[in-house]
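There are 2 protein chains.
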Amino acid sequence: MTFEKEIKITEVALRDGSHAVSHQYTVEQVTTIAKALNEARIPYIEVTHGDGLGGSSLQYGLSKTDEMKLIEAAVAVSDFSKIAVLLLPGIGTIEDLKQAAKIGAKMARIATHVTEADIAKQHIETAKDLGMETVGFLMMSHMAPVEKIVEQAKLMESYGADTVYIVDSAGALLPDQVRARIKAIRQAISINVGFHAHNNLSLAMGNTLAAIEEGATRIDGSIRCLGAGAGNTQTEVLVAVLDRMGIQTGIDLYKLMDVSEDVVSQILQKPQIINRDSLTLGYAGVYSSFLLHAKRAAEKFSVDSRDILIELGKRKIVGGQEDMIVDVAAELSKKKSGSACPSTYTT
Amino acid sequence: MTFEKEIKITEVALRDGSHAVSHQYTVEQVTTIAKALNEARIPYIEVTHGDGLGGSSLQYGLSKTDEMKLIEAAVAVSDFSKIAVLLLPGIGTIEDLKQAAKIGAKMARIATHVTEADIAKQHIETAKDLGMETVGFLMMSHMAPVEKIVEQAKLMESYGADTVYIVDSAGALLPDQVRARIKAIRQAISINVGFHAHNNLSLAMGNTLAAIEEGATRIDGSIRCLGAGAGNTQTEVLVAVLDRMGIQTGIDLYKLMDVSEDVVSQILQKPQIINRDSLTLGYAGVYSSFLLHAKRAAEKFSVDSRDILIELGKRKIVGGQEDMIVDVAAELSKKKSGSACPSTYTT
Chain R
1 MTFEKEIKIT EVALRDGSHA VSHQYTVEQV TTIAKALNEA RIPYIEVTHG
51 DGLGGSSLQY GLSKTDEMKL IEAAVAVSDF SKIAVLLLPG IGTIEDLKQA
101 AKIGAKMARI ATHVTEADIA KQHIETAKDL GMETVGFLMM SHMAPVEKIV
151 EQAKLMESYG ADTVYIVDSA GALLPDQVRA RIKAIRQAIS INVGFHAHNN
201 LSLAMGNTLA AIEEGATRID GSIRCLGAGA GNTQTEVLVA VLDRMGIQTG
251 IDLYKLMDVS EDVVSQILQK PQIINRDSLT LGYAGVYSSF LLHAKRAAEK
301 FSVDSRDILI ELGKRKIVGG QEDMIVDVAA ELSKKKSGSA CPSTYTT
Chain H
1 MTFEKEIKIT EVALRDGSHA VSHQYTVEQV TTIAKALNEA RIPYIEVTHG
51 DGLGGSSLQY GLSKTDEMKL IEAAVAVSDF SKIAVLLLPG IGTIEDLKQA
101 AKIGAKMARI ATHVTEADIA KQHIETAKDL GMETVGFLMM SHMAPVEKIV
151 EQAKLMESYG ADTVYIVDSA GALLPDQVRA RIKAIRQAIS INVGFHAHNN
201 LSLAMGNTLA AIEEGATRID GSIRCLGAGA GNTQTEVLVA VLDRMGIQTG
251 IDLYKLMDVS EDVVSQILQK PQIINRDSLT LGYAGVYSSF LLHAKRAAEK
301 FSVDSRDILI ELGKRKIVGG QEDMIVDVAA ELSKKKSGSA CPSTYTT
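Those protein sequences? They're chains R and H, same order as listed.
Residue numbers for the first sequence follow full-length UniProt numbering, so the first one is 1 and each next one is one higher.
Residue numbers for the second sequence follow full-length UniProt numbering, so the first one is 1 and each next one is one higher.
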């Protein structure tokens, strides 16, 4: 294997990890963690609500602390690391982005569903105008075929993005699928290619190495696996693995191990393991937000919530189509018993 | 990718996982877990002390329950699954093996350091004479070059083993190293090839898929990651991944997920995560038993225990050479300060 460039890591524990702490980060926690990450020489630290700028809401979970205060806190202690923000058009606004840039965020990551890059145009252009390094973030990348992803990556490049990421939001991709996706967009675009993994199928690290082998040079990690679902590629482990492979990251491994053990592990609400729920989400390839809906529907119709989630995955149901969950539960119940009545009616 | 055969999984939570519960398994726990694994149609269930037959000792940790009672309990509830036992010549004896066979164990896995297959001859031959399916288990396989491993695998085949395993005891191998090892022994021997991973570098699943890609057909997994260090390839996740790849295992995924969530998670003393210690062991590529020694020596000589472990890995120190740990600590201290005095003398 040969590697063209240094790998640049973005630490997402203060953004994707926000899900793992129910968006309860405090200024003090963010200050402590960002300071340690800066000392370990992490290139980029992402700080926002788990669902990006403006994510704090009843729908996505209310943040304990205004994310702008958290961004300011991270900026204040980072003289090496650049602070990144995530923005999902439709959740965050151009105004949020401008405010983040004003208080010192240097990188904007504009995230859309893998087939909807076109809604990122204005945001990517604004981020570039604001002088930010800009990333196009193609979420749920397991849901589209390679050709579609290539088309969407080209769109993001055309809007001015400096990097395009393949994002395995559900932790559903297998190594060969990662290879095919990274290889194809590497051939189609001339900007940086990145990869963001989730560990629901225990493949975050394996998939990350497959992505690097195919030429991805921007990689997301979360210290102590602090991310949604089963967490992301564990940053301190990734740095150790890359070191063993002779790939330089410029990051201080011991400092990173120490902040994981001595700081981050203390604020975790529960360990980041692969349990029945996270495995089911990765296996089915669906949004984690479907889980609770599926469990409720499963109870109502006396079916297994896993069967519902797997069926939703097969039908490629996306966010906004939650109504389908009850329909699928009813169908499964009918198939099972010959009637589609909620269980409360049949007992 | 094409796959020649069905993958046969050996569940090691009741053996390797014995480390994770400090060898405190009870007859009731083993009965409950083995019964559920049998119902899920796991082909092989390994049951012994974490260090194999006869492992219960002050040196390796005393078992709460006589392992023969645990084997009997597992045999009693398994009409589908075959019960396997691990034996390390020097720890377990031929008599232990005969007793295990007498009470119903159907598979013997004879484990040696990767360069010491010759000490397994008598045990493999005896196991075959007892009518057991027999596996040669090459431990710490990251410590020997490919040619050496091929030579050792051939020895085990010549003694009559039905299968030879590449065992990544320290969780130190990278996917390309796994591929090279499996490929080479597949070409050199005509019996089954197996792979046993540890997750210290978050690569248990990635390495397992690499092994399968190169033709390994026998794979070890531990439910809920219940194994030494950071645990093994998580069985229920492996079954889900193989299913997604179209590889049949004959195992009931939902039943396996349920026993993981409802039974095994309850008896775990701590979650199986990758922490500073397990990461260091995988990065250094050393025995987990070195950890405590290294920490003591580090304190005495005021050096970082990680530096000691990494140096031990570089020198390929193996079990039985624990004296070297203090020597290495003294050398590192000398290099650091110009003197090799224990810190208690220099303060």
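A couple of the hints might just be wrong.
Since the list can't tell identical chains apart, any single copy or any two copies may satisfy a pair.
[Unchecked claim] DMTMM-like, lysine to aspartate or glutamate: derived pairs with alpha carbons at most 20 Å apart:
{"no.": "1", "residue 1": "K121", "residue 2": "D262"}
{"no.": "2", "residue 1": "K334", "residue 2": "D96"}
{"no.": "3", "residue 1": "K106", "residue 2": "D96"}
{"no.": "4", "residue 1": "K335", "residue 2": "D258"}
{"no.": "5", "residue 1": "K316", "residue 2": "D243"}
{"no.": "6", "residue 1": "K336", "residue 2": "D252"}
{"no.": "7", "residue 1": "K336", "residue 2": "E151"}
{"no.": "8", "residue 1": "K102", "residue 2": "E125"}
{"no.": "9", "residue 1": "K314", "residue 2": "D66"}
To be clear, the hints were calculated from the coordinates, so they are not data collected in a lab.
Outcome of the hint check:
1. K121 with D262: Neither. Shortest intra-copy (41 Å) and inter-copy (47 Å) distances fail the 20 Å Cα cut-off.
2. K334 with D96: neither (47 Å within a copy, 55 Å between copies)
3. K106 with D96: within (14 Å within a copy, 65 Å between copies)
4. K335 with D258: Answer is neither; intra-copy 53 Å and inter-copy 23 Å both fail.
5. K316 with D243: For K316 and D243, the Cα distance is within 20 Å only across copies (19 Å; inside one copy 38 Å).
6. K336 with D252: between (56 Å within a copy, 19 Å between copies)
7. K336 with E151: For K336 and E151, the Cα distance exceeds 20 Å both inside one copy (41 Å) and across copies (55 Å).
8. K102 with E125: Result: close within a single copy only, 16 Å intra versus 74 Å inter.
9. K314 with D66: neither (38 Å within a copy, 48 Å between copies)
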